[in-house]
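Residue numbers (the numbering used here), protein chains in the order written: chain S, 1 to 170; chain R, 171 to 334.
Don't take each hint at face value.
To be verified - In silico DSSO-like links for lysine-lysine, alpha-carbon gap of 30 Å or less:
#, chain 1, residue 1, chain 2, residue 2
1, S, LYS145, S, LYS95
2, R, LYS225, S, LYS87
3, R, LYS293, R, LYS236
4, R, LYS236, R, LYS302
5, S, LYS112, R, LYS293
6, R, LYS178, R, LYS225
7, R, LYS302, S, LYS95
8, R, LYS183, S, LYS112
9, S, LYS112, R, LYS254
10, S, LYS62, S, LYS8
11, S, LYS87, R, LYS281
12, R, LYS293, R, LYS225
13, R, LYS254, R, LYS293
14, R, LYS225, S, LYS88
15, R, LYS293, R, LYS273
16, R, LYS236, R, LYS281
17, S, LYS8, R, LYS236
18, R, LYS236, S, LYS88
19, S, LYS112, S, LYS88
20, S, LYS62, S, LYS87
21, R, LYS236, R, LYS225
22, R, LYS254, R, LYS222
23, R, LYS178, S, LYS8
24, R, LYS293, R, LYS222
25, S, LYS112, S, LYS145
26, S, LYS62, S, LYS112
27, S, LYS62, R, LYS178
28, R, LYS293, R, LYS281
29, R, LYS225, R, LYS254
30, R, LYS281, R, LYS254
31, R, LYS225, R, LYS183
32, S, LYS88, S, LYS145
33, S, LYS95, S, LYS112
34, R, LYS222, R, LYS236
35, S, LYS95, R, LYS225
36, S, LYS87, S, LYS145
These are calculated hints, taken from the structure and not from any lab test. From a predicted model like this one, the values you see are computed outputs, not experimental measurements.
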Amino acid sequence: MRVRRLRKEVAALEVTAFINLIVVLVPFLLSTAVFTRLAVMDLTLPAQSNTKLEQLKGNDLKLEIVIRPEALEVGDRIGGLIQRIEKKDSHHDVKTLSALMQQIKQRFPDTKTATVLSEPDTSYEVLVQVMDAVRAGRSANGGTKLVRVELFPDVSVGDAPVLRGKANAS
Amino acid sequence: MMLTPLQKRAARKDRNKQQLDLNLVSLIDIFTILIFFLLSSASEVETLPSFKAVKLPESTADTHPKETIVVVISGAEIIVDGRKVADVADVLRADGDVIAPLKAELELLGKRQVIRQENLAQKAAVTIMGDKDIPYRLLRKVMVTSARANFTDVSFAVRQRFDV
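Construct all of the structure, not just a fragment, from the sequences and the given hints.
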């Protein structure tokens, strides 16, 4: 007697149409994909804070960061220079600035405003880097994980005061 | 079980067929994942135009761009909403703070009527896309000009950077 085998059909999927679709879609989407995400930085223009002049008290911090060609000068408009950060490897030392900003923020937790003053020849990139360090920083307070902390988010931009002489500057 | 001649023929053909089996499962997997990834990343609406000539500075800022008037400052020219208004070299050579053609263009755009109330706040907003190598002197002129043209809400476009 003949052995009766079970006639088992091999399951086959007809995927050609699907593959066609995908092969067309993938190059199209790849060509339109944007891999650099854009963001914006809001500026606080100094003109808006003119009406709050009466709030200027002795213990109020008016933080000013001056970008000089050879250093960054962090100061208070009333209290004067806090720290001068020299250039490191012909780049402005943004890391030290960020650390200093976090120290200042701990002393003045309520202050949200800061002013970045730059000289006419300061490049836009340096300005944005400094604004970045002033707006927010990363710190590992307590834990092992770096947390993004907001420092002085309301940054305004202005002109650096002209140095009266090289002796005055140093 | 009896088979009809037609079924027999089909079975015979099936047995004798040289099996050419292309295994496409993993390929389809990859493509499907790619499609979903690309579709989700493409669905984010790009509000800012992109220019090859302008290299934006990098920043950790994460505010999304708003739909505003865009002033592009490349190394050679100033462009407002796709229209060139001034040459950078001319602007740098000029003495005053106000760039006259840019001011005229911005004032023209500022006269546009706002129809919907919720867009009123964006009437005074302008986004500056500056090349990272432009000097502050130029940036300042653009900012002063836009302030004079009643665009007081200035924001800088940057390339988002993710660092750990």
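Query raised in the report: Is it true that the CA of LYS62 of chain S sits at most 30 Å from the CA of LYS112 of chain S?
Result: holds (10 Å)
Report task. Decide if the proposed pair is consistent with the structure: LYS225 of chain R and LYS254 of chain R, CA atoms, cutoff 30 Å inclusive. Result -> This hinted pair holds, its Cα atoms lying about 18 Å apart.
Query raised in the report: Are the Cα atoms of LYS281 of chain R and LYS254 of chain R separated by 30 Å or less?
Result: holds (19 Å)
Query raised in the report: Do the alpha carbons of LYS178 of chain R and LYS225 of chain R lie within 30 Å of each other, as the hint requires?
Result: violated (70 Å)
Query - Restraint check for LYS236 of chain R with LYS88 of chain S, where alpha carbons must lie at most 30 Å apart - result: With Cα atoms ~36 Å apart, LYS236 of chain R and LYS88 of chain S exceed 30 Å; violated.
Query raised in the report: Is LYS225 of chain R close enough to LYS183 of chain R, meaning Cα to Cα at most 30 Å?
Result: Status violated; Cα separation ~64 Å.
Report task. Take the C-alpha atoms of LYS95 of chain S and LYS225 of chain R, compute the straight-line distance between them, and say whether it is at most 30 Å. Result -> holds (23 Å)
Query - Distance restraint between LYS302 of chain R and LYS95 of chain S, which requires alpha-carbon spacing of 30 Å or less - result: This hinted pair holds, its Cα atoms lying about 20 Å apart.
Requested in this report: Mind checking the alpha carbons of LYS236 of chain R and LYS225 of chain R for me, to see if they're no more than 30 Å apart?
Outcome: Given pair LYS236 of chain R, LYS225 of chain R holds - Cα atoms ~20 Å apart, limit 30 Å.
Query raised in the report: Taking 30 Å as the top limit, are the C-alpha atoms of LYS62 of chain S and LYS87 of chain S close enough?
Result: Judged against 30 Å, a Cα distance of about 24 Å means the pair holds.
**Report entry** Hinted pair LYS236 of chain R and LYS281 of chain R, Cα distance within 30 Å
**Finding:** Roughly 19 Å separates the two Cα atoms, so the pair holds.
**Report entry** Given pair status - LYS293 of chain R, LYS254 of chain R, alpha carbons within 30 Å
**Finding:** holds (21 Å)
Violation of the numbered hints given earlier is confined to hints 6, 8, 9, 10, 11, 17, 18, 27 and 31; the remaining hints are satisfied by the structure.
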